[in-house]
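K.L.:
Letter by letter, the chains look like this.
There are 2 protein chains.
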Amino acid sequence: MGQVRDRLKQQVVEMTEKFPGFRPGLAILQVGNRDDSNLYINMKLKAAAEIGISANHIKLPNTATEADVLKCIASLNADPAVHGFIVQLPLDSNKPINTEKITNAVSPEKDVDGLSSINAGKLSRGDLGDCFIPCTPKGCMELIRQTGVQVAGKRAVVIGRSKIVGAPMHDLLLWNNATVTTCHSKTSTLAEEVGKADILVVAAGRAEMVKGEWIKPGAIVIDCGINHVPDTLLVQNTQKNPAQRKFDREIDMSTVESAQRFLEKFQPGKWTIQ
Amino acid sequence: MGQVRDRLKQQVVEMTEKFPGFRPGLAILQVGNRDDSNLYINMKLKAAAEIGISANHIKLPNTATEADVLKCIASLNADPAVHGFIVQLPLDSNKPINTEKITNAVSPEKDVDGLSSINAGKLSRGDLGDCFIPCTPKGCMELIRQTGVQVAGKRAVVIGRSKIVGAPMHDLLLWNNATVTTCHSKTSTLAEEVGKADILVVAAGRAEMVKGEWIKPGAIVIDCGINHVPDTLLVQNTQKNPAQRKFDREIDMSTVESAQRFLEKFQPGKWTIQ
Ligand SMILES: NC(=O)C1=CN([C@@H]2O[C@H](COP(=O)(O)OP(=O)(O)OC[C@H]3O[C@@H](n4cnc5c(N)ncnc54)[C@H](OP(=O)(O)O)[C@@H]3O)[C@@H](O)[C@H]2O)C=CC1
Ligand SMILES: NC(=O)C1=CN([C@@H]2O[C@H](COP(=O)(O)OP(=O)(O)OC[C@H]3O[C@@H](n4cnc5c(N)ncnc54)[C@H](OP(=O)(O)O)[C@@H]3O)[C@@H](O)[C@H]2O)C=CC1
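Chains as they are written, first to last, in my numbering: chain A, 1 to 274; chain B, 1001 to 1274.
These aren't lab readings, by the way, just hints derived from the structure by calculation.
These numbers come from a predicted model, not from an experiment.
A couple of the hints might just be wrong.
Below, simulated SDA-like cross-link-like pairs (lysine to any residue); rule was C-alpha separation at most 20 Å, straight line [unchecked claim]:
no., chain 1, residue 1, chain 2, residue 2
1, B, Lys1216, A, Glu192
2, A, Lys186, B, Gln1150
3, A, Lys186, B, Gly1126
4, B, Lys1186, A, Ala152
Excised from the complex, chain A in its bound form (with noise of 0.2 Å):
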């Protein structure tokens, strides 16, 4: 990802030549204090200042009321120094919020995660040109053009389908021309559609749920789980390979490397694991 982030600091720095004075402005609101969310602001305000662009960390307490979180997107849509802004999911309140009212709360114009209705109906209907997509799907899409295969034609799977993740998946692979399958938890044949894809982009939530045998060889595998995984499956887990992490993946990943260096031994060429 070093590669997208010098070229945004680029644009940054033509845009502040171009208008002296000007400075991109982003505002993350938080509501509580998740750990997870808490780890990803952190990241996401360092990239933000390694850009040059201005951020701003707005934390509402967990006892803010919907009312409350709305009141402040008001204040963020009408702010002319804040060009975009994060509403950080899952919102850690101890009152009820309807995520999806503060979502579509966002002024379309600002809603850079895209988590917006609007947005979400402009990438379903393929007007990419037109709207913003959300940052998971955007970084997977980044990681497939790196490697240099072509998208259209091609088959692709997506395991899973919910508003940040497998939906806008989905969208951008079907926008870019691949022959696109959603499978999710009703799915009956998940092993089937997997030894399909040429692409598989997995957004299940479930650790080690698809198996390394399943998959097609060449294919292109993006793995999106973070997972916890239970303490006794990881002793486990450790014993077969030590530098496992306590978030786990949601491929079996000792069965997709024994199947890599497979590959790489008998069938040379592309077979990319991000």
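Fit chain B with the ligands to the supplied structure of chain A, relying on the hints for placement.
P.N.:
Structure of chain B with the ligands alone, referenced to chain A:
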């Protein structure tokens, strides 16, 4: 579709009993004078009258500008007697009009054709209870339901990804829990994809594209196509099948019909051609 009409008629009766003096109001806005649009609009006006909906046809000349159409939409958005309205597509004007801008000007609460980005976003992300569903895919889904075949867990293939038919059809099948594949003009494995489908919906705008022998025995097949077949081909077809109409289907029906006869004889069970 008679059942649907009876159900809606009954609902209108109940509504007017509950709120005397109330009459549901539909408007249809047409620009220009296309033959096919005139035909479709007449069918809609007739259906509305049968159901007890007051329907109003507004016809702008083919000299109408984008601003004229937007002005008319704004007044329909504001009119309390109009509960929903349709902008008949394609727009037939000799002035340049951005169709996207027009469909997105319709207020989401009145967008009964479901073509605005907000509606598409909700449908594509699975908020089916909170959006309007475009009529052709909605009708297809109704036909599929009437077969009694359970959609969840089945493999569905949609050929086409237009805003009006293909893309919303994908969404409806996906959120009814089928495993859905979308095919389009860049799909390199069409016959193979068709061959896997338990449910196949064809909306590709090309006559006789899908061969009967590709189709899996027992599949539910829906052909949305309305295609004008050149007279020369028509003559050939009419010789094969005297009932062939001028508007031809996208599935090669003679092949499908012979497959159907074969199946009915040798493999009893569900085999539906709508
Ligand atoms: N790398 C990154 O930047 C990010 C990673 N993630 C990770 O990606 C993963 C997915 O996240 P998210 O989309 O938010 O998760 P969700 O829980 O919202 O969605 C999970 C999806 O997987 C499907 N699924 C569940 N079980 C199965 C199964 N047995 N077979 C096939 N499909 C199944 C679900 O189907 P159904 O719809 O039927 O329930 C659902 O569509 C998680 O591990 C998450 O931590 C998420 C965001 C960012
Ligand atoms: N029965 C009804 O009520 C209605 C019927 N229709 C009919 O449905 C059909 C589709 O309409 P509509 O969606 O508006 O048409 P569009 O022309 O907007 O879309 C056609 C779709 O088919 C795809 N396609 C074209 N050629 C091929 C091919 N060789 N293989 C696979 N896919 C292909 C196109 O792919 P790509 O995206 O790559 O270009 C596109 O997605 C038409 O026949 C139309 O008359 C339409 C509306 C209502």
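K.L.:
All hints, please: hold or fail.
P.N.:
Hint check results:
| no. | hint | verdict |
| --- | --- | --- |
| 1 | B/Lys1216 with A/Glu192 | holds, 17 Å |
| 2 | A/Lys186 with B/Gln1150 | holds, 12 Å |
| 3 | A/Lys186 with B/Gly1126 | holds, 14 Å |
| 4 | B/Lys1186 with A/Ala152 | holds, 7 Å |
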